[in-house]
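Based on the provided sequences and hints, a complete structural model is requested.
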Amino acid sequence: MPGKFCVSLTHAKDNRDKATVAFVVANAAAGSEKSTLVFLSTEAVRLAVPGYADDVHEEGFAPLKDLIANFAAAGGTIYVCSPCFKKRGLDENKLIPGAKIVGGAKLVEWLSDGSPCVSY
Amino acid sequence: MQAPGPPLGPAADRWDAGDMGCGELIVLLRARIRALEPGQLLHLTARDPGAPEDLPAWSRMTGHRLRHEAHPDYWIERRAD
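In order, the protein sequence lines correspond to chains X and H. For the first sequence, our numbering gives the first residue as 1, with consecutive numbering after it. For the second sequence, our numbering gives the first residue as 1001, with consecutive numbering after it.
Treat the hints as calculated values from the structure; they're not laboratory data. Misleading hints may appear alongside valid ones.
Among chain X residues calculated to face chain H with C-beta under 10 Å, some are [what the hints assert, rightly or not]:
id : residue
1  : Phe23
2  : Ala28
3  : Ala29
4  : Asp66
5  : Ala74
No residue lacks a Cβ here, since even glycine has one placed at the ideal position from N, Cα and C.
And the structure:
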């Protein structure tokens, strides 16, 4: 049962619970052999910065850095909203493995063939 | 006490995932099953209360066959490529 799946995330340390659960669901999709995208926008773009997520560990869940690493290792794709990243003055040359800075057209392209998307 | 296994023959791999569940379990299960040869069995123990619903759904999506389940024990056969 091939297919695509998208998880849209707009939170980082401002809502550690949502940031964590978004990656748990993304791991469920990637682990179920869906071609899976995590789209990071607004505050969530900070998660694409190496080391940022290292101290996020919600009770009852794996550490966020492990969830992100497992997602990338399973072949997951991470798109990072370009204007959101630039607005925050972050360094586009320092990204976690699997992350790619993109504009909105890449998200639209991913969703245009009917990919479902869940938002956190 | 370990649950008695079904008459499926020996499992090629054994994984006690403890209380791990949801996507944390599924993404690691994917890697574990991909390490097997087609037709080989994985004996998984997953105590998470969501596992009895999640693992059959994962099996239907991926084609890896859930040969037997007796929560918290599951025997999964790797599909042919």
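So, going through the hints one by one against the coordinates:
A distance limit of 10 Å between C-beta atoms decides the matter here; for X:Phe23 the minimum to chain H is near 7 Å, and the interface restraint holds. Below 10 Å, beta-carbon pairs count as interface contacts, and X:Ala28 has one with chain H at about 3 Å; its hint therefore holds. Below 10 Å, beta-carbon pairs count as interface contacts, and X:Ala29 has one with chain H at about 8 Å; its hint therefore holds. For X:Asp66, the suggested interface contact is upheld, since its CB lies about 8 Å from the closest CB of chain H, less than 10 Å.
Interface restraint check for X:Ala74: the shortest CB-CB distance to chain H comes to about 5 Å, inside 10 Å, so the restraint holds.
In this structure, none of the earlier numbered hints is contradicted; all agree with it.
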